[in-house]
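In the working numbering, the protein residues as written are 35 to 557.
Heads up, none of these hints are tricks.
Capping the alpha-carbon separation at 25 Å, the derived lysine to any residue pairs in SDA-like fashion look like this:
1. Lys74 / Met157
2. Lys159 / Ala485
3. Lys450 / Ser166
4. Lys159 / Gln78
5. Lys489 / Asp154
6. Lys212 / Leu520
7. Lys343 / Gln176
8. Lys442 / Ala501
9. Lys177 / Trp195
10. Lys489 / Ser138
11. Lys414 / Ser384
12. Lys442 / Ser138
13. Lys74 / Glu94
14. Lys343 / Glu193
15. Lys116 / Leu467
16. Lys340 / Glu193
17. Lys212 / Met223
18. Lys340 / Arg313
19. Lys81 / Phe432
20. Lys269 / Leu520
21. Lys414 / Leu226
22. Lys74 / Leu64
23. Lys177 / Cys504
24. Lys555 / Pro531
25. Lys81 / Asp168
None of these hints come from the bench; they were simulated from the model.
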Amino acid sequence: MELVFPPLRWLILLPPVFLCVLLSYLYAILWLRPERLREKLWSQGVKGPKPSFLFGNIVEMRRIQKELAMSVQELQAGTTDKFSSDYTATLFPYFLHWSRIYGSIFLYSTGSIQVLNMTDPDMVKELANFKSFDIGRPLFLQKERRALLGMGILTSNGELWAHQRKVIAPEFFMDKVKGMLHVMVEAAMPMLTSWENITGKKGGSAEIVVDESLRNFSADVISRTSFGSNFAAGKEIFNKIRQLQIAMAEQSMLGVPGVRYLPTKTNREIWSLDRSIRRLILNVALKHEQDSVALSTKDLLHSIIKGAKARHFASQTPEDFIIDNCKNIYFAGHETTSTTAAWCLMLLASHPEWQSRARTELLDVCQGKPIEFDMLRKFKMITMVIQETLRLYPPAAFVAREALNDLKLGSLNIPKGTNIRIPVALAHRDPVLWGPNSDRFDPGRFANGIAGACKAPHMYMPFGVGARTCAGQNLPMVELKVVLSLLLSKFEFALSPNYVHCPAFRLTIEPGNGVPLIFQKLY
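With the sequences and hints as input, model every part of the structure.
Below is the structure:
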């Protein structure tokens, strides 16, 4: 009998042994590894709030959010320009709180992720000038934002990212964007006609909530210029990406680590939307590929399909190359542009003197003629308004990077795995860099360009910083000039009494309750 049962004893021991190994592994990755990383930075003088096991500083961030977050009314009290006041105190009060205690560089944790927060201009400049693949996009984004962005150009790293940028960036060079002007004007016509009809029926003046129309406009531009279709053809994709964005925004940075793997109601919605979007994009790509053979279509989607076939990567299949990069373009190409357009209109409506200046310059340049590309270069007032809007309400709340290997930035040795985050709003509103009126809407600060507006021009980063600067930034800048010039030429507009100023973080910074404006036809 003694010869028969020893194997059974070993089998009985296996579960507790496995459990001990698993717990040891989890303890190592959730505490020991982050603790070693923290010690390397602490030893160099980097300070920050003390983290707890598993949650890091999430519990403290929630407490600060509850105790110190200013209401919109409190934030606006005593300000001379309540529509450009700093939303950081409302949305991210813990960053303000910690920066006052620890300075422009500090370390905090979200779960096991260690984040080096920096707004120091010299360190940001070092980051901007860093060309090596040793710095890239945070790896956790590829997991947490997989359904929305996958491993497209916004989240990938190394050779994969370099190949994606080589494929995508040329499609947004200014000489190509120049040829898209007529498409932008055509895409704006349904919105303009609709708003003219609405105001006409109301005696020349009516309240219009602009957000949805602006989303449809920018979605139509992206569909026509990049995917060889129109908004109607891609409407289901845009709608589902918007639903996905809102669902993922509910999983804030203050959520419990690991919850994204559980079959919660929100997660099930995200997974379902992801499957639907993948199927829809593949159908668009297949149809486009079949049509382009006959029509010789050469647009962004054509380049993405061609790029997927040109090189194969172990980390991404050709099918995922197409899907992920299309997701990135669908999201970044229309959501961020329409949001900036909404903020522009809100700020012009609340500052009628700048609206009047921009309109006067527009009428002087155009002389009643249709918009041409060369005219856009002469729209100095509109350009300054856009630049100031992007300063006060940048689409992305953060510039996020990760040290993919041990590296040195300035005097700091940054260990592999450290996340680096720049709160863009803090950088864009620093009175040392922008002057004492940094919280006011003043497009005139850009009269002599970015270098004239900011003591450290690299701290202006609405499209990112360094090698990872947005590859497609020419398109939204031209698109914004077109839509603003068309609206200014046809309407005067003011803020509706129903407007509630409430910036919201939904992966981008957008008007929380929409932007209702009172439009008055000019003729």
